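Protein chains in written order, with my numbering: chain F, -9 to 872; chain U, 862 to 980; chain P, 771 to 867.
Treat the hints as calculated values from the structure; they're not laboratory data.
Only a predicted model underlies this, so the values are computations on that prediction, with no experimental measurement involved.
A couple of the hints might just be wrong.
[Unchecked claim] Simulated restraints on C-beta separations:
| hint | chain 1 | residue 1 | chain 2 | residue 2 | range |
| --- | --- | --- | --- | --- | --- |
| 1 | F | VAL4 | P | LEU801 | 30 to 40 Å |
| 2 | F | ARG628 | U | VAL961 | 38 to 48 Å |
| 3 | F | GLU664 | U | MET862 | 19 to 29 Å |
| 4 | F | LYS633 | U | ASP934 | 38 to 48 Å |
| 5 | P | ALA828 | F | GLY9 | 48 to 58 Å |
| 6 | U | GLU905 | F | SER551 | 23 to 33 Å |
Built from N, CA and C at the ideal position, the CB exists for glycine as well.
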Amino acid sequence: MPFEMLVAGCLAYVALMFGVAFAADRAAQRGHVRWLDHPAVYTLSLSVYCSAWTFYGAVGYASRSGLEFATIYIGPTIVFTGAWWGLRRLVRVARMHHVTSVADLISARFGKSNPLAAMLTLIAVIAATPYIALQLQSVSLSFEVFATQSPDGPEIGGGTALWVAAGLALFSILFGTRNLDADERHHGVVTAIALEAVVKLLAFLALGIFVVWGLADGPADIIGRISAAAGEPAREGWLLRPDRWTTLIIVSAAAVLTLPRMFQVMVVEAADEERLHVAGWAFPAYLFAMSLFVLPIAVVGAEVLPAGSNPDLYMLTLPQASGQNLLALLVFLGGFSAATSMVVVSAIALATMISNHWLTPLWLFLRRRPAGETPEDLRGFILNARRLAILSVVGAGWVYHQASGGTTALAAMGLVAFTGMAQVLPAMVGGLLWRGANRMGAYAGVGTGFVLWLAMIFLPSVGIGTSLAPAAGVDPLSFAIFLSLSLNILAFVAVSIFGFPDPVERLQGLSFVSTVQPIRHSRMARTEDRAEPLLVMARRVWGADAALRYFQAQAAAQGKSGYLPDLTPGFLTGLERRLAGSIGAATAHAMIDRVAGGMTLTVSDLMEVADEAQRAKEEAQRLETATTELERTARQLREANDKLTALSVQKDAFLGQISHELRTPMTSVRAFSEILKTSDLSDEERRRFAGIIHDEAGRLTRLLDDLLDLSVLESGNTQLTVSAANLHDLIERALSAASATRPERSFTIDRDLPSEHLGVITDPDRLLQVLINVIGNARKYCDAERPALTIRVLRREGNGPQIDISDNGAGIDTSRQSLIFEKFARLNEPARAGGAGLGLAICREIMAVLGGEISYLPGQGGAAFRITLPRKPPLGVARGGV
Amino acid sequence: MKPDILMIEDEPNIAEAVRFILTRDGWRLALHDNGLGGIEMIRELRPRLLILDLMLPNRSGGEILSELRADSDPALAGTLVLMLTARGQTGEAMGQADAVMAKPFANDELRAQVRRMLG
Amino acid sequence: MSDRPLFLERASFRRRRLGDAARVLPVLAALAVMLPVWWLPAAFSFGAGAIALFGFWAVLILAVWVLHRALIRAEAATMRAGGESPGDSDWTGHDAL
């Protein structure tokens, strides 16, 4: 086959993957997640387990060691037969705590300790780098098979690996670091991986069927050939060794749980634990299908191909030697899929760990600020940190590949990575099943296992030192696995037994082992002004919209209106867990602590909480619901009462206000008209006094107009003139009309013009009135030295647009935010500038009549208003007031 | 020259009208347009009459009056005060004023009141 | 009226026993895969071993499929009968901290 065709096919396949990932991301964005969440997609995504090491390497492994290759697939099969009670529980706990990685899970369990997570990340990175190098190697090797076959094939070598690495880094960055959602799922990546899983499987099955029925004479013939191997001296390695058999099954069972990429697709990307009902049998079935033809291909390859061929490449050389070029291409794409999916998911998983447990804590530590910190864009930092981490992970794999340059040195790296991550298993399983497990135990166990693994498995595999063989006849690898895991477990259990965990850790332990909701924060709300800094902090992580949405929903759940919920323990705990989904449990815990006040848990808090959990478990489910309901009603009542009190004070003041607002201009009018009656005035004086009278009369008229407007709006007899208008034009007109307010101030105006071109069906004059008022207010009251106005329009699916208008001034005190929409609630008096304090009250009434809403957005670093419109005004109001 | 009258009023047009009216009667008038700093002005200028608007920005006329009456200097505490109000109601603080006038007022009424108070 | 508690208990009982089966299955599977190799390594290394291994593997997959179907139905039945929520099945209870 021409080499160019291979490259073209490869590029087309890559383009397809980008397209699929892009389409899936878009579908997810629009909320079409039904098919993306299908258990089949989930099951297929689990196949990242089968990397290029297993795709190509399994046949080579089987050629050398016979059935032993199957251990790599049997371990995960056994784990998945326990999906119902084991994996479901793991996924449930992990989702409950919004866990982002295997390191995050363990650090969250052991008291949200970041050093522990950082250490686990180190192990994962060390284990994964050669493994990623292996994938790059397999792709460049498989390219070479084709290139050397055609004599005029271009010279390729390290170049392939570099291109592949760059492409994979690009893919991972594009689809792995798009968003920073609290649940950390990547639909695009998962869907592309699922498709690659299908290609992998089809390629393997196609080759297998060709070998069994095309090259050999069916299954019976194959079995005969396998049995015949029993006597051959070349097949000596096929004799199974019980020690290797057992330890390899255990290690691969551990790896399927702890490998960063497996944890990513199995736990982090899982929508819920229901997926495992299907995956429990379907994933073992996938592994079964992937290994069914391994042995046949190995034996047939050995007979058909010339002696000395590399068994690791039988998959490609076998169809080529038989002249099956298309089949070879399919197998090549299968191997390519295996390698790329492994690298992409590993890179994303490792990047999450590196950014959450290394970079973000370091950055927060370096940029420690006092409590009154200014908002900084943490979200941008985290995303960039992830991008950088992806580049470093893939780059390190490439550097390793180049540096080792070796073919054989890499082959063992799959097992090396498996055994390395297996060291994490005791802490993980122990943490989930045993309340007594504690952080020091986890350090001791994982640390011991890590050091032994480095010394006995990792370093020898890269050519430093030699592996220890305790006695003749004992397999060194089995011995190393056995020793490291045993001492790991021993240290973990022993130190846990003698250690004593701190309160946070004990609470987390309770939550993980009993699969109950994490314990609530015991620090109580102090004052409501702490809610705003929390909102500012959440905004830094999630972006403004997501943060506002979350806070509004939480406030609504408490029965409050607006964006600032009470800092109940439930709210704080929920917030911390959602933040943990973006930045890891340890960091989220530290950040909340810093903002919400650094009260630490005391033993009495602990007892209180323990009692609460006990009660909840026994029978108080109902009672608790009732209590919550009662609390909510009480809160609603309290809020209504506060508002009524404030309103009645205002109502009292209202008549006084009206009186004041009417009498003030009238005083000037009367005084100057009496002065005008006296004769001894200069012409200039007359003109000036008449001018004053004119101005004050105008002010009176405006006030009366406003009052009339308001009373009509309030009575519900408003006549709307509904028509279609371009929002951009309205904003343009409002800006130019409002510029008459304090014309001496020049504002920087920040708009996003393309997004403004939206048709709205509303009463354009009324909407314009609101816009002018809000913009005019900003001009009037924004006290910044360089005043700036930001206008953002957001198109909402199935709804009218949302318009955010904010300035960069001092904003409005939390205590006054609920009053500004009331009549005569003028804010800072010195700048009253002619308004009567009715503007925002009128705006609110207008928006109600238009079927939309205007509200104050707290925590935006200035005064900010959000105007939302419905798709069209409600019918009932458009009837007019005739 | 020390003024006879200090007027604290935030509405520039009203202040101008009052100044025009009373200056023509020969009174010397000083103006201040804010609740803040009012007491300091009084202490510095020692006017014989204080014309005080009830609704002032930052600090109401009532508050200024209460503080003035509570001053340790008896001469200052006894300053004559004419309170102007645009609201229909009379508050407790207004009881401490020597005279109260509602806005709007007739110019002659104001002149007569000032003449009565300053003798 | 008298049937109801009986039904509830049956559904709940059945679900619990199926849950036990789900726990025992991986242990049995592990033993079934490991013990023969310790016992007779030579006999299981070649053709016969491959047939036995893949045969057992297929049966195991089938068993998990049947078991999960049964578990899902049992859970649904328990829910209908208004029994305790399925999530409690592996509740081990927790002592004081």
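Hints, one by one, checked against the model:
| no. | hint | result |
| --- | --- | --- |
| 1 | F/VAL4 <-> P/LEU801: 30 to 40 Å | 45 Å, violated |
| 2 | F/ARG628 <-> U/VAL961: 38 to 48 Å | 40 Å, holds |
| 3 | F/GLU664 <-> U/MET862: 19 to 29 Å | 28 Å, holds |
| 4 | F/LYS633 <-> U/ASP934: 38 to 48 Å | 45 Å, holds |
| 5 | P/ALA828 <-> F/GLY9: 48 to 58 Å | 36 Å, violated |
| 6 | U/GLU905 <-> F/SER551: 23 to 33 Å | 49 Å, violated |
Hints 1, 5 and 6, counting from the list given before, are not met by this structure.
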